[in-house]
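A.B. asks: Dock chain B against the given chain A, drawing on the hints supplied.
So the sequence lines, in the order shown, correspond to chains A and B.
Here the first sequence stands for residues 1 to 282, numbered as in our numbering.
Here the second sequence stands for residues 1001 to 1282, numbered as in our numbering.
Hints are computed from structural coordinates only; laboratory data are not their basis.
One should not assume that every hint holds.
Simulated restraints on C-beta separations [as the list claims (entries may be wrong)]: (1) A:T6 to B:P1252: 33 to 43 Å; (2) A:P167 to B:E1233: 51 to 61 Å; (3) B:P1064 to A:D49: 41 to 51 Å.
Glycine residues also receive a C-beta, built at the ideal position from the N, C-alpha and C atoms.
Protein chains: 2
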Amino acid sequence: MRISYTIDEARSALRELRADGRSVALVPTMGALHEGHLSLIRLAREAADAVVVSLFVNPTQFGPTEDFSAYPRTMEQDLAACEAEGVSLLFAPDAARMYAPDHSTYVTPESLDQVLCGASRPGHFRGVLTVVAKLFNIVQPDVAVFGEKDAQQLRLIERMVRDLDIPVQILRGPIVREADGLAISSRNRYLSSEERAEAVCLHQALESAQAAFRGGEQHVETLKGLMMNRISEAPHAELDYAEIVDDATLQPVRRIEVPALAAIAVRFSRARLIDNMVLVPD
Amino acid sequence: MRISYTIDEARSALRELRADGRSVALVPTMGALHEGHLSLIRLAREAADAVVVSLFVNPTQFGPTEDFSAYPRTMEQDLAACEAEGVSLLFAPDAARMYAPDHSTYVTPESLDQVLCGASRPGHFRGVLTVVAKLFNIVQPDVAVFGEKDAQQLRLIERMVRDLDIPVQILRGPIVREADGLAISSRNRYLSSEERAEAVCLHQALESAQAAFRGGEQHVETLKGLMMNRISEAPHAELDYAEIVDDATLQPVRRIEVPALAAIAVRFSRARLIDNMVLVPD
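Here chain A stands alone, though its shape is the one from the complex (with noise of 0.2 Å):
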């Protein structure tokens, strides 16, 4: 495995690696990899000859009081992983490489990013869309995968790459739970033992709402109802938000008429989790 540390090593890197024709999947990742990272460039090594992997913790999408300088890096570790997992190439450059001092162009979305997360983390998809938009220039890969988590992240790049007619192809990779159904996340480290037993709260959230909706419930009032009693539960739980709007258009729906993406995101003290799951009708 190669590891690229600036721009130009990585670009040098990837006219060897595609030399012969090879075709180039990337993982785009803030690294403190873990199962979900790995599912990922599973389906990367399925879908491409070349597997890269991206690590930069990306400072344009956290907000002024967010978690940027406390965010997990565990880089050693995540070599060894990425490693045993047969990639190609880590990049991993550091910001002062990434944003130039007068740095001033950015992708910003004008639509899908004022609810659910974005209404809570205000530039967040700003910066996630310009440092993914700067990652498919730098690598130019055939196929990119994204954890179906982050899932107003990956609509947004979808449509960013529709948008900005991005010659990339992306691949939806699913939610990783731990046993109890705790989506996997670099952010689960941050939860004390009492908060990481209520995190299990989201997923059976969500299950509940499912549970009801194939039961023939359809109204959005009443599957929030059950979503928001189920955290309530939880004495360590605040909730942000939980909602379900249309899994297109992220727009609020009332009746469950077409696929619905129920969505959740809850704060623990250190933590802030999220988790979803796409309620399709008959």
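C.D. replies: Chain B alone, transformed into the frame defined by chain A:
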């Protein structure tokens, strides 16, 4: 010469163009081609093996009161001109093929855009950067050529290429002028014969500033005064701006100690004309 009206056709034509490893230069235009454009095409031909010209009157860079509908469309002459200049591919999509009805991702400048034309045309450069990013993603040129007449656009595109790591080299094409000094523009055809005679005031204003600067005058207010005086002598010319700014940052300067951009915009009845000159201290 091939002509593509859709993105898919263009991509397929480009695969053939590049099949034997040929490099590609892109000249983005809004059509209504004139000697200025042809000079860019000739630069492109020197810089790469194959030249692609895009011809697209981009709706997102026109304000609601601007001349999008009236913008000159001269497809047949443009086609003949491209053919005569040895262009390999003309990409001429229509707006419905370039923007989905729910298009919502924009490339947005957050600096360099609040002055000069950006101040007079809010949203203009967001439209320009978005369509240029799209064209770069569709054509994936090795080189792209832009005219120096659109000085602020050129600097914003160079900044975008740097900030988003777009793998393209930008070439600057010098301003092409009529015999009397008027910068050639598609919008010159909007001028009455009286206005056409007066329109030389832009170039003459720049020349008077340049002459004083070469004579030792470094004070921007004095040089701006010279430019404004010359414009005020043209009875049908309504000054939009006459500015001298830092050539790199486009920020105001009081004295010219680093390269400065002298830029003018003037409205005649139907035409808004721009021109500029770079003043470089010894």
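A.B. asks: Now tell me, hint by hint, if it's right for this structure.
C.D. replies: Status of the hints after comparison with the structure:
| no. | hint | in the structure |
| --- | --- | --- |
| 1 | A:T6 to B:P1252: 33 to 43 Å | holds (35 Å) |
| 2 | A:P167 to B:E1233: 51 to 61 Å | holds (52 Å) |
| 3 | B:P1064 to A:D49: 41 to 51 Å | holds (49 Å) |
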